[in-house]
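The whole structure should be built from the sequences, with the hints applied where relevant.
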Amino acid sequence: MTDEEKIKAMRLARAIASDISLYNEQKIIKGIEQDNLFEVLKEELEEGRELYKSRVSQEIFTKMNFFERAVNDIVLRSKAHVKSKIW
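113 is the number of the first residue of the sequence shown in this note's numbering; add one for each residue after it.
What the hints contain is simulated information worked out from the structure, not anything from laboratory work. Just so it is clear, the structure is predicted and the values come from calculations on it, not from any experiment. Heads up, none of these hints are tricks.
Below, simulated BS3-like cross-link-like pairs (lysine-lysine); rule was C-alpha separation at most 27 Å, straight line: (1) 154 / 195; (2) 195 / 142; (3) 175 / 118; (4) 154 / 139.
Written out as structure tokens, the structure reads:
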């Protein structure tokens with residue numbers, strides 16, 4: 113895997129996570145407040161992960177955690193101001 117492939121995969125993962133965050137803001141806030149975010153977003157995250165998997169090499173998908181990192185960075189960190197029991 114080349115550095116260019118890694119960069120493209122990271123960008124794709126961040127774009128997908130951004131779309132999830134943009135189109136599901138209320139669900140995300142509610143999920144954080146109720147400490148069930150990953151249950152609330154299960155379908156959206158699975159759909160995003162499948163899209164990501166279909167557009168990157170198998171090697172990148174299995175060896176790098178770009179999608180999960182993007183979800184943490186974009187979906188969770190952007191909502192750090194939301195009151196929650198988990199932080």
